[in-house]
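Please model the complete structure; the sequences and the hints are all you need to start from.
Protein chains: 2
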Amino acid sequence: MTSNNQYEVFIKMVLSNWELQNTRLNELLNKLSDKQLTSETAPGRNTGIYLLGHLIAVNDAVIPLLNLGNKLYPELYDMFVEQPDKSGQNFPPVSELKDYWKNVTETLRRYFNSMPMEEWFKRHMSVSEVDFAKEPHRNKLNIVINRTNHQSYHLGQMAYLEKK
Amino acid sequence: MTSNNQYEVFIKMVLSNWELQNTRLNELLNKLSDKQLTSETAPGRNTGIYLLGHLIAVNDAVIPLLNLGNKLYPELYDMFVEQPDKSGQNFPPVSELKDYWKNVTETLRRYFNSMPMEEWFKRHMSVSEVDFAKEPHRNKLNIVINRTNHQSYHLGQMAYLEKK
Numbered sequence: 001m002t003s004n005n006q007y008e009v010f011i012k013m014v015l016s017n018w019e020l021q022n023t024r025l026n027e028l029l030n031k032l033s034d035k036q037l038t039s040e041t042a043p044g045r046n047t048g049i050y051l052l053g054h055l056i057a058v059n060d061a062v063i064p065l066l067n068l069g070n071k072l073y074p075e076l077y078d079m080f081v082e083q084p085d086k087s088g089q090n091f092p093p094v095s096e097l098k099d100y101w102k103n104v105t106e107t108l109r110r111y112f113n114s115m116p117m118e119e120w121f122k123r124h125m126s127v128s129e130v131d132f133a134k135e136p137h138r139n140k141l142n143i144v145i146n147r148t149n150h151q152s153y154h155l156g157q158m159a160y161l162e163k164k
Numbered sequence: 001m002t003s004n005n006q007y008e009v010f011i012k013m014v015l016s017n018w019e020l021q022n023t024r025l026n027e028l029l030n031k032l033s034d035k036q037l038t039s040e041t042a043p044g045r046n047t048g049i050y051l052l053g054h055l056i057a058v059n060d061a062v063i064p065l066l067n068l069g070n071k072l073y074p075e076l077y078d079m080f081v082e083q084p085d086k087s088g089q090n091f092p093p094v095s096e097l098k099d100y101w102k103n104v105t106e107t108l109r110r111y112f113n114s115m116p117m118e119e120w121f122k123r124h125m126s127v128s129e130v131d132f133a134k135e136p137h138r139n140k141l142n143i144v145i146n147r148t149n150h151q152s153y154h155l156g157q158m159a160y161l162e163k164k
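Chains as they are written, first to last, in the working numbering: chain A, 1 to 164; chain B, 1 to 164.
Be careful, since some hints might not be right.
Since the list gives no way to pick out one identical chain from another, each pair is judged satisfied if it fits inside one copy or across any two copies.
[Stated by the list, open to error] 20 Å max Cα-Cα, derived EDC-like pairs, lysine to aspartate or glutamate:
#, residue 1, residue 2
1, K134, E119
2, K164, E82
3, K12, E119
4, K12, D99
5, K31, E96
6, K12, E118
7, K163, D34
8, K71, E96
9, K164, E40
10, K102, E135
Source of the hints: derived by calculation from the structure; they are not laboratory data.
Right, here's the structure in full:
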């Protein structure tokens with residue numbers, strides 16, 4: 001196995017799991033009505049629309065974290081990450097949020113697919129050079145593993161929006 | 001970066017995310033009473049105890065899938081994977097299931113930590129040699145990435161057992 005092949009296999013492992021979670025969320029979104037999506041995932045818990053906004057904002061923040069560019073929707077971070085659900089905010093309409101979701105997903109895919117292989121194993125923007133020297137696993141690809149788990153966590157909750 | 005270092009960093013990335021999810025589930029289990037754990041995660045949805053049994057059974061099945069040995073609790077697979085919740089089955093008591101969970105987690109940790117590095121990049125038991133030649137990312141380490149996401153998904157649901 002050459003060194004380049006190893007990189008390629010690693011990256012493929014991580015990105016294929018990332019894409020799988022995106023596919024699953026898209027499949028769920030296609031099945032849910034706007035009314036279902038704006039409902040609570042369980043009594044007293046986050047609404048589907050808040051969780052969708054939360055995933056958009058958290059995934060959008062991956063762009064600067066990997067030093068790939070600026071966030072597409074910086075205004076969503078306060079609304080869906082800093083502020084809790086049901087705090088009197090006016091969320092964008094469902095159709096707009098779905099467009100944002102699609103745009104963030106496709107933008108990340110483009111960035112990810114054009115990233116030079118060795119770049120994935122460099123440090124991300126929230127770990128210092130000193131810490132990275134000691135913990136080289138805290139690289140850019142690790143962010144994708146972490147965010148894939150984050151998305152799975154909330155997907156499990158959003159699945160409760162579907163009719164039984 | 002030497003080839004061995006690359007393997008090491010990559011394995012560390014995957015296993016540290018796996019351990020993180022185990023830690024989070026353990027923290028949740030420590031906070032939940034037996035009564036909470038046997039409740040539904042949302043009205044009409046799976047109970048906490050079913051999801052705990054489900055995670056034990058699915059993670060236990062990783063042992064033979066990675067060719068590491070036999071399942072510790074083969075009888076749980078039918079109960080918590082093949083059969084749905086609330087199908088009239090008698091589940092083991094919570095305290096016993098918690099012991100099984102601990103034992104599966106620790107057994108996998110021992111196996112994982114003693115696996116030779118290159119072994120992680122060999123095929124797992126449910127992909128054929130022919131398919132693996134075409135898709136070398138379908139290796140043993142990929143199973144851990146996938147099962148980490150699976151656990152995150154259900155952890156998001158089990159988090160709803162906690163009092164608000």
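Hints, one by one, checked against the model:
| no. | hint | in the structure |
| --- | --- | --- |
| 1 | K134 x E119 | within (18 Å within a copy, 25 Å between copies) |
| 2 | K164 x E82 | between (32 Å within a copy, 18 Å between copies) |
| 3 | K12 x E119 | both (14 Å within a copy, 18 Å between copies) |
| 4 | K12 x D99 | neither (26 Å within a copy, 36 Å between copies) |
| 5 | K31 x E96 | within (17 Å within a copy, 38 Å between copies) |
| 6 | K12 x E118 | both (13 Å within a copy, 17 Å between copies) |
| 7 | K163 x D34 | within (13 Å within a copy, 28 Å between copies) |
| 8 | K71 x E96 | within (17 Å within a copy, 48 Å between copies) |
| 9 | K164 x E40 | both (15 Å within a copy, 14 Å between copies) |
| 10 | K102 x E135 | neither (33 Å within a copy, 28 Å between copies) |
The structure fails hints 4 and 10 (numbered hints given earlier, in ascending order).
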